[in-house]
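> The lines below spell out each chain.
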Amino acid sequence: MFKKKECVAMLLAGGQGSRLYALTEKTAKPAVTFGGKYRIIDFPMSNCVNSGIYTVGVLTQYQPLVLNEYIGNGQPWDLDRMNGGVMVLPPYQGKNGADWYKGTANAIYQNLDFIKRYDPEYVLILSGDHIYKMDYNAMLQAHKKSGADCTIAVLEVPLSEASRFGIMVTDETDRITEFQEKPKNPTSTKASMGIYIFNAKVLEKYLIDDENTPGSSNDFGKNIIPNMLGDGMKMFTFPFDGYWKDVGTISSLWEANMELLGENPAFNVHDKKWRIFSRNYAAPPHFVGDDASVVDSVVSEGCEIYGTVEHSVLSGNVIIEKGAVVKDSVIMSGTVIKAGAKVTYSIIDGNSIISENATVGEDKATAKGIAVVGSGLCVEPNTVIDSEAMINSADFDGVTSIEK
Amino acid sequence: MSTAGIIFSNIHDNNIPELTRNRTMASVPFGCRYRLIDFALSNMVNSNISNISVITHYNYQSLMDHIGSGKDWDLARRSGGIKILPPFIRTTTNTANQLYTTRLEALKSVNPAISKITDDYVVLSDCDVICNIDLNDMINYHKASGADITMAVKKVNLTKEQANINVLVDSDENGVITDVQAYPTNFEGEADINLNIMVMSRHYLQEIVVDSIAHNYTSLTKDIILRGITRKSYRTYRYDGYFACIGSPLDYYSSSMELIKDKNVRNQLFGVKDRPVYTKVRNSAPTYYSPDAKVKNSLIADGCEIFGEVENSILFRGTKIGKGTKVKNSILFQDTYTGENVVLNCVIADKNVVIRDNKMLSGDETLPFYLAKGKMI
Chain A
0 MFKKKECVAM LLAGGQGSRL YALTEKTAKP AVTFGGKYRI IDFPMSNCVN SGIYTVGVLT
60 QYQPLVLNEY IGNGQPWDLD RMNGGVMVLP PYQGKNGADW YKGTANAIYQ NLDFIKRYDP
120 EYVLILSGDH IYKMDYNAML QAHKKSGADC TIAVLEVPLS EASRFGIMVT DETDRITEFQ
180 EKPKNPTSTK ASMGIYIFNA KVLEKYLIDD ENTPGSSNDF GKNIIPNMLG DGMKMFTFPF
240 DGYWKDVGTI SSLWEANMEL LGENPAFNVH DKKWRIFSRN YAAPPHFVGD DASVVDSVVS
300 EGCEIYGTVE HSVLSGNVII EKGAVVKDSV IMSGTVIKAG AKVTYSIIDG NSIISENATV
360 GEDKATAKGI AVVGSGLCVE PNTVIDSEAM INSADFDGVT SIEK
Chain B
0 MSTAGIIFSN IHDNNIPELT RNRTMASVPF GCRYRLIDFA LSNMVNSNIS NISVITHYNY
60 QSLMDHIGSG KDWDLARRSG GIKILPPFIR TTTNTANQLY TTRLEALKSV NPAISKITDD
120 YVVLSDCDVI CNIDLNDMIN YHKASGADIT MAVKKVNLTK EQANINVLVD SDENGVITDV
180 QAYPTNFEGE ADINLNIMVM SRHYLQEIVV DSIAHNYTSL TKDIILRGIT RKSYRTYRYD
240 GYFACIGSPL DYYSSSMELI KDKNVRNQLF GVKDRPVYTK VRNSAPTYYS PDAKVKNSLI
300 ADGCEIFGEV ENSILFRGTK IGKGTKVKNS ILFQDTYTGE NVVLNCVIAD KNVVIRDNKM
360 LSGDETLPFY LAKGKMI
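In order, the protein sequences belong to chains A and B.
Under numbering that gives the first Met the number 0, residues 0 to 403 are what the first sequence spells out, in order.
Under numbering that gives the first Met the number 0, residues 0 to 376 are what the second sequence spells out, in order.
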């Protein structure tokens with residue numbers, strides 16, 4: 000027996016995150032570490048729970064091991080429920096053959112049965128690639144009030160950047176009149192955030208139609224939204240003016256991490272009324288030693304700091320030895336920065352070692368870009384890793400793989 | 000072979016009256032993010048004991064709040080899991096409303112629950128055992144030796160004052176207990192102290208509880224161990240790792256400070272492979288250090304915001320250190336808030352204490368200044 004739900008959320012978490020490649024070798028993008036103790040998917044998951052949406056399907060495809068393990072039974076987000084809760088939905092083999100998820104719309108199409116079990120009025124489509132805090136319930140209320148078939152959350156962006164987004168042109172009532180996918184000459188600054196609420200019946204019809212259209216890319220932005228608009232369906236925008244960040248590139252991931260810093264950070268995760276939930280690994284408190292200096296940084300549990308940390312974000316169980324200097328960097332969990340090593344303007348993935356007197360990255364002012372070291376790698380003593388380097392394997396000089 | 004666990008949550012409450020005024024000894028905060036019972040619970044869980052009863056007495060709301068369903072220790076189970084056993088008072092008896100004061104009386108009061116245990120062995124532990132002990136090893140030792148009771152002991156060098164708050168256990172070269180001295184007044188020197196962790200078979204536990212009810216015995220040490228010492232087989236199990244129990248407010252302070260003074264202590268408590276210490280998850284954000292923060296030699300939990308200076312101190316979750324504030328040699332519990340230019344030295348601030356701008360408070364290492372829960376200065 001399944002109880003009827005007003006709204007079911009479908010979280011698209013199959014993305015590879017190819018532009019983060021050193022960080023997504025073995026991890027889907029939504030499971031990439033962010034802000035010390037979080038993973039990217041914690042944000043949409045916590046938003047769901049904080050918005051009172053307790054039925055969430057998570058669609059996985061690329062490298063799902065870490066992600067599936069992380070979601071588990073949903074207990075960290077209070078999504079281990081008798082009715083609903085979180086459910087991981089991988090591609091599967093059906094009677095008429097097996098298919099990978101061909102596109103965002105196809106992924107939902109293949110899981111229409113999951114949605115229909117709960118007989119919802121509305122379906123909320125989310126993606127697991129963004130960092131933001133948003134009340135989906137407010138959006139749902141707006142959707143109900145306007146009587147729309149589809150509501151799309153939009154963010155005001157500078158006109159100069161509008162050509163990177165799907166742009167919504169609206170009339171004075173926020174009703175969408177035109178949709179421009181990555182337009183060369185945008186005529187609006189309302190960018191789609193990839194967050195949609197559909198009336199369930201309408202969504203089902205359009206997904207089935209789309210599936211039966213040969214040559215379709217089975218994508219919400221490219222197919223479903225334009226088709227609905229073409230048919231004159233009632234589509235509205237829902238304005239969002241909080242912090243929102245697409246962390247699809249190394250530089251945007253670095254930037255988003257840095258935006259947690261400062262007395263009044265651009266993005267505040269200390270808000271007790273909108274907690275961000277995450278899986279907990281029972282690490283002890285972090286320790287700051289006698290000769291350590293930690294300034295303008297975020298430090299997670301289990302860290303041991305004996306060196307210098309400046310303007311950086313440390314995940315759990317990171318060890319910074321005496322004399323090591325970490326500046327303008329993001330260090331992910333379990334990584335050790337040995338004595339005398341210098342890490343500047345870099346992202347170091349988890350369980351790696353930067354050995355004695357090695358240098359990674361360059362000062363931000365002179366660097367070409369952010370240096371990245373993947374997980375489970377050891378940068379040998381005295382090695383110099385240039386700025387903008389992407390170290391994703393032991394094939395680089397002075398880099399070895401850590402035997403497990 | 001399965002093992003059940005029993006934890007006494009109110010034992011030794013009188014040792015630190017300030018901290019146990021509103022809570023049990025078991026729920027006294029310790030080490031940035033833990034409550035004392037977390038160590039006993041984690042020791043059991045890490046040794047595959049998943050049927051645990053916590054015997055309570057009074058003031059156990061904070062303990063119930065901490066434990067919740069037990070899921071943070073993986074003890075929210077359909078079979079077994081964690082059970083809280085509040086005092087069992089029949090309306091027709093005990094008209095004086097007397098509650099137990101010793102472990103044996105506690106066990107007698109929960110006899111209905113004890114008689115239902117079906118596990119082969121039982122580990123009994125006090126709640127204030129700050130250590131990371133492998134109970135499996137102790138249980139195996141108990142089985143191999145065929146003892147009726149095995150008590151965990153540790154060899155320590157005691158001052159007269161310390162001997163007076165400990166139970167000393169004498170044993171021969173085979174580990175057979177020959178004498179037990181409870182709280183001797185004139186002992187000094189090296190001795191095995193009782194760690195208040197013991198193993199016995201379910202049958203033996205059920206037997207001594209029933210026997211104690213019949214004979215109106217009240218003390219495990221005096222009435223069971225000492226009376227049976229020649230007839231029964233009681234043995235010691237020697238544990239060499241770090242161990243602390245809280246005998247006084249000063250003990251509490253110095254045991255806390257040991258965590259920051261000695262890396263070995265931290266390693267032996269928190270750094271044991273595959274034996275983490277579990278606690279209630281709070282989902283605090285990671286700690287933020289401002290550009291002006293100066294932190295030295297301190298142990299800090301998640302959720303803190305540090306704008307001032309912190310030295311030789313322990314900050315619990317959600318503590319805020321204001322600009323220009325200097326905190327030294329202090330222990331600040333969950334959600335302590337300090338304003339700007341505050342100076343604290345040797346202070347223990349209980350939960351939710353607010354210290355406004357420009358206040359200056361100092362205790363001494365021999366007498367830390369204690370601020371009660373929720374106080375505002």
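Keep in mind that the hints were calculated from the coordinates and are not lab data.
Be aware that a few hints might be false.
Capping the alpha-carbon separation at 16 Å, the derived lysine to aspartate or glutamate pairs in EDC-like fashion look like this [to be verified]:
no.	chain 1	residue 1	chain 2	residue 2
1	A	271	B	171
2	B	293	A	77
3	B	322	A	303
4	B	153	B	171
5	B	260	A	77
6	B	70	A	218
7	A	204	A	218
8	B	260	A	290
9	A	101	A	218
> Please go over all the hints and tell whether each is borne out by the structure.
Hints, one by one, checked against the model:
For the proposed pair residue 271(A) and residue 171(B), the alpha carbon gap of about 57 Å is over 16 Å, so the pair is violated. Under the criterion of a C-alpha separation no larger than 16 Å, the hint pairing residue 293(B) with residue 77(A) is inconsistent with the structure, at around 37 Å. About 24 Å separates the Cα atoms of residue 322(B) and residue 303(A), which puts this hinted pair outside 16 Å; it is violated. For the given pair, residue 153(B) sits about 15 Å from residue 171(B) by alpha-carbon distance, which is consistent with the 16 Å threshold.
At roughly 38 Å between alpha-carbon atoms, residue 260(B) and residue 77(A) are farther apart than 16 Å, so this suggested pair is violated. Taken as a hint, the residue 70(B) and residue 218(A) pair is broken in the structure, with Cα atoms around 40 Å apart against an allowance of 16 Å. Of the supplied pair hints, the one linking residue 204(A) and residue 218(A) holds, its CA atoms being roughly 15 Å apart against a limit of 16 Å. About 14 Å separates the Cα atoms of residue 260(B) and residue 290(A), which keeps this hinted pair within 16 Å; it holds.
Distance check on the hinted pair: residue 101(A) and residue 218(A) sit about 8 Å apart at the alpha-carbon level, within 16 Å; holds.
Going through the hint list in order, the structure does not satisfy hints 1, 2, 3, 5, 6.
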